[in-house]
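Start from the sequences and build out the full structure, keeping to the hints where you can.
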Amino acid sequence: MKTLDLVLVALFAGLVIVLGLLPPVPLGFIPVPITLQTLGVMLAGVILGGRRGALACLLVVLLVALGLPILAGGRGGLGVFAGPTAGFLLGWVPGALIAGLIAERVAAPADGAIRQTAAFLAAAVVGGIVVVYAVGIPWLAAAAHIGLGKAAAGSLAFVPGDIVKAVVAAVVARGVHRAYPVLPARAP
Amino acid sequence: MIGSLYHPGDTPLHRIPAAAKLGFLFAAGLALFLTDSPAPLAAAAAAAALLLAATGAPARSLWRQLRAVALIIALVFAANLAFADAGTAFAVLCRLSALVMAAMTVTVTTRTSDMLEAVERGLSPLGRMGLANPAKVGLAVALTLRFVPEIFGHYREIRDAQAARGIAASPLAILVPLVVRNLKAAEDIAAAIDARGFGAPRDGASPKERHRP
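Chains A and B, in that order, give the protein sequences. For the first sequence, this note's numbering begins at 1 and goes up steadily by one. For the second sequence, this note's numbering begins at 1 and goes up steadily by one.
It should be emphasised that the hints constitute simulated quantities derived from the structure, not laboratory data. Please note: incorrect hints may appear among the correct ones.
[Stated by the list, open to error] A few chain A residues that don't get close to chain B, going by computed Cβ distances all over 12 Å:
1. Pro84
2. Val159
3. Pro160
[Unchecked claim] Here are the simulated BS3-like cross-link-like pairs (lysine-lysine), alpha carbons at most 30 Å apart as the crow flies:
4. B:Lys136 - B:Lys184
5. B:Lys136 - A:Lys2
6. A:Lys2 - B:Lys184
This structure is a prediction, so every number in the text was calculated from the model and none was measured. All C-beta atoms in this analysis are idealised placements derived from N, C-alpha and C, irrespective of residue type, glycine included.
Shown next, in the form of structure tokens:
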């Protein structure tokens with residue numbers, strides 16, 4: 001890994017932390033205000049690519065474990081991993097990995113604005129939502145001793161906000177990619 | 001900019017080495033899932049609560065950390081009460097509370113730097129195999145902590161500039177310039193790190209090898 005890769009990984013870990021420090025955004029049509037932290041996870045994947053995006057999220061997870069209150073709402077420490085929703089945090093790592101791998105393969109630099117944004121959106125939805133929930137929901141079901149169905153139902157309230165974040169991530173990734181591409185190019 | 005959840009003190013809990021605490025926490029986490037009977041789990045929860053109290057950390061800061069997870073645990077308790085029996089609900093409540101409080105005890109009594117050192121030492125076998133580089137992990141942690149105030153400062157500047165031009169606050173308007181500005185800075189920082197010889201081969205390597213970019 002080159003030094004620039006290391007710096008980019010640290011940079012996006014920092015971005016995920018800063019997005020967690022910003023106040024939650026209230027959206028009229030969703031009951032819970034959304035925090036922007038998972039937006040950072042999606043951005044790490046689709047802007048840096050799979051490997052570096054996953055390492056950035058792993059770095060955030062490590063900093064939480066070291067005892068820094070860097071999650072949205074000032075949470076942190078090992079207690080977070082003992083809670084029943086820890087899977088939604090650990091799921092960031094494979095989530096950013098999958099989002100990045102998809103973005104590397106689907107978002108060709110020559111694509112037009114709409115096609116490329118759609119590719120980034122697909123990457124953000126699959127990696128940042130499907131994969132994260134695929135880790136978080138079974139974890140919640142096991143830790144809380146409730147069935148998969150009930151764990152999934154309890155997590156549904158966050159899906160609309162996550163979809164909004166995936167759209168924002170896709171549009172931002174397109175803008176960044178046009179101005180300053182760092183996503184590793186890869187033939188589909 | 002980022003505080004730490006560590007609470008300075010000189011209790012016996014503070015003096016146990018970080019690696020030992022992490023090992024104990026891991027073992028306790030596994031043990032708590034071995035049983036489903038309420039009595040030992042209740043005893044574990046009580047013991048964890050005593051440990052957490054023995055850290056000497058102020059209740060207010062502990063409660064700030066516990067609040068969010070307590071809400072989730074309460075919801076889980078209610079769900080189990082409704083769909084399973086009271087015994088299971090109580091057992092799950094005790095197990096989750098014990099885990100969370102034991103983990104918080106380790107966090108509150110261990111310096112972030114000691115924790116990082118334990119992680120680096122834990123990674124060193126992987127480092128010898130060439131799978132992970134503990135020094136790079138340490139550098140990445142330090143860089144991230146340095147970047148947070150930097151990124152936050154950029155965020156404020158961009159937000160102020162946009163507000164002066166009458167642009168409403170929106171993640172879309174802010175994030176593209178914020179990310180691009182930081183990506184540009186990343187190249188300079190990487191060049192500066194390379195120029196200081198980080199990750200260069202140790203003494204004994206040929207000068208030619210040492211000066212390879």
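Hint by hint, here is what the structure shows:
no.	hint	result
1	Pro84	6 Å, violated
2	Val159	18 Å, holds
3	Pro160	16 Å, holds
4	B:Lys136 - B:Lys184	21 Å, holds
5	B:Lys136 - A:Lys2	11 Å, holds
6	A:Lys2 - B:Lys184	16 Å, holds
Checked against the numbered hints above, the structure violates only hint 1.
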